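Based on the provided sequences and hints, a complete structural model is requested.
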Amino acid sequence: MTAGSNRFGAAIGWLLPILILLMWEVMSRLGVITENVLPAPTEVFAAFLRVLKSGDLARNIGVSSWRALTGLAIGGSIGFALGLANGLSLLSRNITDTTLQMVRNVPHLALIPLVILWFGIDEGAKLFLVALGVFFPIYVNTLLGIQTVDPQLIEMGRTYGMDRRALFLRVILPGALPSIFVGLRYALGIMWLTLIVAETISASAGLGYMAMQAREFLMIDVVVLSILIYALLGKLADSFVRLLERLCLQWHPAFQKTARS
Amino acid sequence: MAKPQLRSVETAPAPAPPAFSFQGVSRRFGAKSVLSNIELTVPQGEFVAIIGKSGCGKSTLLRLLAGLDQPDGGQISRAQTQPGQSSIRIMFQEPRLLPWARVVDNVAVGLTGLAGRAEAKARAHDLLAQVGLAGRDGDWPSVLSGGQRQRVALARALIGQPSVLALDEPLGALDALTRIEMQHLLGRIWQTQGFTAVLVTHDVAEAVILADRVIVLDAGKVALDLAIPLARPRRHGHPDLALYEQKILAQLFGDEAI
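Top to bottom, those sequences are chains A and B.
Terminal number for the first sequence in the numbering used here: 261, no gaps in between.
Terminal number for the second sequence in the numbering used here: 258, no gaps in between.
Hints in this document: simulated from the structure, not taken from any laboratory.
All values derive from a computational prediction rather than experimental measurement.
Hints should not be assumed to be uniformly reliable.
To give a feel for the contact side, a few chain B residues facing chain A, derived at Cβ under 10 Å [unchecked claim]: (1) 29; (2) 30; (3) 67; (4) 79; (5) 88; (6) 94; (7) 98; (8) 105; (9) 110; (10) 112; (11) 143.
Cβ pair distances, simulated, as ranges [as the list claims (entries may be wrong)]: (12) 77(B) / 238(A): 56 to 66 Å; (13) 169(A) / 122(B): 30 to 40 Å; (14) 173(B) / 148(A): 14 to 24 Å; (15) 173(B) / 244(A): 27 to 37 Å.
Using N, Cα and C, we set each Cβ at its ideal position, and we do this for glycine too.
Here it is as structure tokens:
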């Protein structure tokens with residue numbers, strides 16, 4: 001594929017959303033969709049300008065993003081560390097894996113009442129929930145990645161005299177990386193989902209708070225705006241990981257041709 | 001070393017010191033005996049082919065030689081190597097290249113612990129040229145053909161200047177024409193570098209065209225130890241080769257007509 005046709009391929013993906021937006025606008029203008037069900041895109045855009053000017057938007061996005069990324073950093077690094085430990089050491093796996101698999105089967109959002117009792121409605125509660133949510137996809141996929149590294153390559157590394165450190169850095173970690181990235185992308189989805197739920201239930205700042213506040217005052221345009229911004233942030237995070245993937249997995253046949261996304 | 005080497009009666013030229021020798025080596029897996037009481041001494045610089053039907057223990061023998069497995073009985077002794085030289089390298093049926101390392105870095109893996117990064121890269125570059133892959137240093141293994149990947153694996157095995165190169169059916173997965181090409185390459189490199197080569201193969205023609213000596217394994221024992229004193233380079237389809245091939249096939253299959 002040439003660069004030109006690739007750019008065309010990327011552009012064509014935006015055609016449908018734009019079309020839907022136009023249809024939505026037309027239906028609103030014609031009165032098919034009434035204003036107290038769904039405001040027109042232009043009104044949502046007006047609301048966007050309003051909260052942008054008042055500074056509310058930037059503040060709330062900032063608060064939400066900080067919660068999301070801090071939770072990801074905490075839960076992700078614990079999941080990654082345990083995934084490595086359990087992938088490399090049978091003893092560690094025997095001790096912890098059964099417990100982790102049991103905890104994994106509890107939906108983390110079911111813990112909200114308990115978490116509110118523990119942490120109140122402070123930042124701690126949200127960080128805890130996000131961290132717990134992102135922990136499992138990263139743990140499971142790191143462990144899987146390490147376990148599925150080709151044993152023939154490990155044997156090759158040993159016959160060429162690699163010590164444990166070299167074997168890990170040159171064979172095991174690069175081999176597990178594609179799977180770790182899959183885990184990271186799952187985790188990002190769960191990260192936003194958890195945050196939306198947590199912020200909607202109890203918060204004094206953040207995008208979810210902005211949406212709930214708007215609902216109190218029947219400002220449907222701001223509610224819709226909050227939802228759209230969540231979608232945008234989710235897409236942004238996913239695109240960032242794809243970029244990272246393309247940089248780190250250049251060797252992978254799937255990334256050598258132009259990406260098929 | 002200072003001791004004068006006096007041999008009283010000698011008709012043939014002095015044989016090279018042994019590269020390795022198996023003394024009464026046995027290996028069993030559970031109740032099944034795979035190798036029993038193997039006696040085999042290979043002088044330095046010799047090209048030995050080990051041939052036999054599936055399950056005759058030839059791969060086990062190679063793994064024992066490479067130290068990937070330990071014998072249940074007997075002893076394996078190997079010659080000392082100089083510093084900076086690897087004692088034994090094994091080349092597998094699959095290339096086993098690291099998909100995430102460029103070709104030149106894959107070859108440099110062969111110098112792990114023997115040379116620094118920069119020196120390893122420079123030597124890898126030279127060796128790639130020797131195996132006919134000049135200019136492919138920066139490629140990912142995934143863009144190479146099967147034969148090219150096996151060339152990279154060969155370069156990786158040779159870069160440490162091993163005293164013994166063990167080859168576990170390295171050409172088995174290649175197509176017939178690529179295999180002939182690789183046999184020539186292997187023969188040529190063996191002649192210039194002078195390492196001891198141990199080739200495990202299914203292919204009688206391949207064994208005869210490359211080896212100084214063919215060992216036929218049957219049910220975990222050495223069934224035939226045949227010297228092939230033909231001049232090199234040997235050509236495919238030469239009648240002398242056919243004679244040796246027949247001898248080996250007769251050993252493998254008895255009197256059944258082949």
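Each hint tested on the structure:
1. 29: Violated: closest Cβ of chain A sits about 17 Å from residue 29(B), beyond 10 Å.
2. 30: With a minimum Cβ separation of about 21 Å from chain A (threshold 10 Å), the hint on residue 30(B) is violated.
3. 67: Holds: closest Cβ of chain A sits about 8 Å from residue 67(B), inside 10 Å.
4. 79: 18 Å, violated
5. 88: 9 Å, holds
6. 94: For residue 94(B), the interface hint holds, since the closest Cβ of chain A sits about 6 Å away, which is under 10 Å.
7. 98: Nearest chain A Cβ about 7 Å off; hint holds.
8. 105: Nearest chain A Cβ about 9 Å off; hint holds.
9. 110: Where the cut-off is 10 Å and the nearest Cβ of chain A is about 6 Å from residue 110(B), the hint holds.
10. 112: 5 Å, holds
11. 143: For residue 143(B), the interface hint holds, since the closest Cβ of chain A sits about 7 Å away, which is under 10 Å.
12. 77(B) / 238(A): 56 to 66 Å: Holds: the Cβ-Cβ distance is about 60 Å, inside 56 to 66 Å.
13. 169(A) / 122(B): 30 to 40 Å: For residue 122(B) against residue 169(A), whose Cβ atoms are near 22 Å apart, the range 30 to 40 Å is violated.
14. 173(B) / 148(A): 14 to 24 Å: With a Cβ separation near 22 Å, residue 173(B) and residue 148(A) satisfy 14 to 24 Å, so the hint holds.
15. 173(B) / 244(A): 27 to 37 Å: Holds: the Cβ-Cβ distance is about 35 Å, inside 27 to 37 Å.
In this structure, the hints that do not hold are numbers 1, 2, 4, 13, in rising order.
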